[in-house]
Amino acid sequence: MGEDRALMIEVINLHKYFKDHHVLKGLNQKVYKSEVVAMIGPSGAGKSTFLRCLNRLEEPSLGKILIEGTDITATRTDINKVRTEIGMVFQSFNLFPHLTALQNIKLAPINVRRMSEKDAEERGRQLLKKVGLQEKANAYPDQLSGGQQQRVAIARALAMQPHMIFFDEPTSALDPEMIREVLDVMDNLAKEGMTMLVVSHEIGFIREAATRILVLADGCIIEEGTPNEVLKHPQHSRTQDFLSKIV
Amino acid sequence: MMPEMVPSPPTGGNKTRPSWRERFGHVPWFRRYEFLGGLFLLLLALAFFLPPFGRPQSTLVWIEIAVYFLAVLFWVGIILSDIEKPNWMKAIAAVLIVLVFGWLFYQYSGARWDKLAHAFFNWEILSATGSYGSTTSAWIELLAGLWLTLQLAFFSIIFGTVLGLILAVLRNLHDPVLNFFLTIWVDFFRAIPIIVLMMLIYYAFPYLGITLSGVVSGVLTLTLNSSAYISEIFRAGIESIHYGQVEASRALGLTTMQTMRLVILPQAIRVVMPPLASNYVAMLKDTAICSVIAILELLKTAITLQSWLANPTPLVAATALYLLILIPMARFSSVLENRMKARGVSRALASKKG
Ligand SMILES: Nc1ncnc2c1ncn2[C@@H]1O[C@H](COP(=O)(O)OP(=O)(O)O)[C@@H](O)[C@H]1O
Ligand SMILES: [Mg+2]
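If you read the sequences in order, they're chains A and B. This note's numbering applies: residue 1 is where the first sequence begins, and numbers increase by one. This note's numbering applies: residue 1 is where the second sequence begins, and numbers increase by one.
Chain A on its own, in the form it takes in the complex (with noise of 0.2 Å):
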C-alpha cells in the first residue's frame, strides 16, 4: 500500500518498560502520510504508551523512531519541534480552564509557531468555525459540555498546522449523544487527507474512515490489515475474543 507515498512515521523495534514492567515489546510499524491507522486492543495492551512514545510523553527504553525522517530519540533532536508536527488530542480533553476556547486555540501559535496575534486569532475562528463551534469562542472549558470541549481540543492540535494527529480514546470519556459530533470532525479530517493514528473502540468510525487497523495486546502488534480483513475475519484467536466484546 502507498509506498510512493511520504513516510510519516517509522517505529524499529520499540521497547518500553516501567521500571520491571515490559509494556511494548519491540513494536515495528510504518506509517504514510494520509493513514488512518485505528489501534485497538484490550486495556492495558500499551495503545497509550505507544501513542506517547511517538511524541516522547514517555521516553523509549529502547528502538528507533523516525518522525519524518527525524530520530526523534536522538539526543540532539529539538523534542519540541518535532511535536509542533504532531497533534495530540487526550481522552479527557486537557483544555486549559483559565483560557477561553479561543485562546486555547491561540496559545501554541503564538507562543511556539510565534504567529502574530492577529493571524492566530484569525486562524483560531476559522478552525472554530471548522468544528462547528465559532460562538463558543468566549466560553471557558467549564461552561462547554464534554463534545464541545473535545471539539475544541481538536482545534488546538489544528492550530499548529501538524502533519499528523494522534488521537488517544477521544470519545471514551463522553456521554453517548456527544461522541457522534466528534467523530464527525475526526471523519472530515480523514477525508481532507489528515495522517492520523487513532486508538478507538467506535467501530463504525473504524469501519468508514481507518486505511488499516493494527491490533495490540500484551505490548505486541498481534493483527494487522484493512478494516474488512480485521473486522470480518480476524485471524488471532485474541482478535476474535476482542472483537466479540465490543461489538
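Some clues are possibly wrong.
[Unchecked claim] Here's a subset of chain B near chain A, in silico, CB distances under 7 Å, partners left out: (1) P176; (2) E247; (3) A251; (4) T255.
It is worth saying that the hints were derived from the structure and are not from the lab. C-beta atoms are modelled at their ideal positions from N, C-alpha and C, and glycine is treated no differently.
Following the hints, position chain B with the ligands against chain A.
Using the frame of chain A, we list chain B with the ligands on its own:
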C-alpha cells in the same frame, strides 16, 4: 400587593390571621411573652434596689448581686434557646447580658476607673507636644512607626513572594541535587525562630564583616523566613494542577518554562491566593519582631514612648493601630478563602471575565 405576614395554611381558603391562641397556644408558660415581659419589668425594678457603687463588704450583698445576674441570665437563656423568637429579640437579649455584666463589673469590681483611664487611656499624654523634649506629639511618633511597619511588611512581602516563587519553580524541575539544597533551605528557615535569625543577622554578621542596617536586616530576615513558607504554598498550588495540563502543553511544543509561565502558574496562583493572603497577614504581624533590633517601627516606638512618658497608653494606641490594619486584612483573606470554596477555581474566573 400586600406582603403576607403569616403564611396561609396549606389547606388554603382561610385567609384570616390565626387567633392569638392558635399561634401561641402551644408555647409553654415560661416562654410566653406575658411571663418574659413581666420578668423583664421585675428585673428592671429590682435594679434600683441593688447596692450602691463600690466594692461590697458583706457576703450577703455579693449573693444579692449574683442572684440578680443569674436572673438576667435565665431571662436571656429562655429567649436565646427558643427557635420561635424573632432574631432581633435574640440579638437584643445577647447584647443585654453583656451590658448587664459589664455594668455590674463596673459598679462592684472595686476597680479605680479614674486611675485606670489615666494609665491606659491617657489621650492627653499622647497628643501633648514637648512632654519629653520632643517637638512632635506621641501620636505623630506612633504614626511614623506605623508607616515604617507598613514599609517593612511591603518589602518583605514583595521579596518573599518573588523568592518563594523562584524556589517553588526550581523545586518543580525535579532535579535531585537542586531539590536537596532547596529542602535544606526550606527546612532551615522554617525551623529557626524569626527573632533568633534577626538577631543573628543584625548582631553577629558584623563580625563576619557584613554590616547591615536595622531596616535591611529586618527585611532580609522576614524575606528569608517567608520565602520558605511561600515556596511551600506555591509548590502545593503547582502540584494541585492536573498533570494532563503539562502533557497537553508539552504535546503542543511548549517548553518547560513556557508551560510553567503560561499554563501552570496562572492556574496555581488562583489556588494559592487564600493561603498567600493569610501568610501576608502573619508577615505584617511579624514585623513587630523588628523591635528587638532597635528599628523604630510601631511596637518599638510604642515601647520607647512608654518609658519616656512613664505611661502605657502608647502601647494601647499601638494595639489599636495594629488591629485597625490587620482586622480588615484578616477579613479579606477569609473572604478570598470562602469565595474559592464556594465556587470552583475556574468557575470564579469564568464569572469574572465571561
Ligand atoms: N506511567 C506509568 N508507570 C507505570 N506503569 C505504567 C505507566 N503508564 C502505563 N503503565 C502500564 O503500562 C501498561 C500499558 O498501559 P497503557 O499504554 O495505558 O494501555 P492501554 O492504553 O492500551 O490501555 C499498563 O499495564 C499500565 O499499567
Ligand atoms: Mg489508554
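Right, here's what the structure says about each hint:
{"no.": "1", "hint": "P176", "result": "violated, 17 Å"}
{"no.": "2", "hint": "E247", "result": "holds, 6 Å"}
{"no.": "3", "hint": "A251", "result": "holds, 4 Å"}
{"no.": "4", "hint": "T255", "result": "holds, 6 Å"}
When held up to the earlier numbered hints, the structure conflicts with hint 1 and nothing else.
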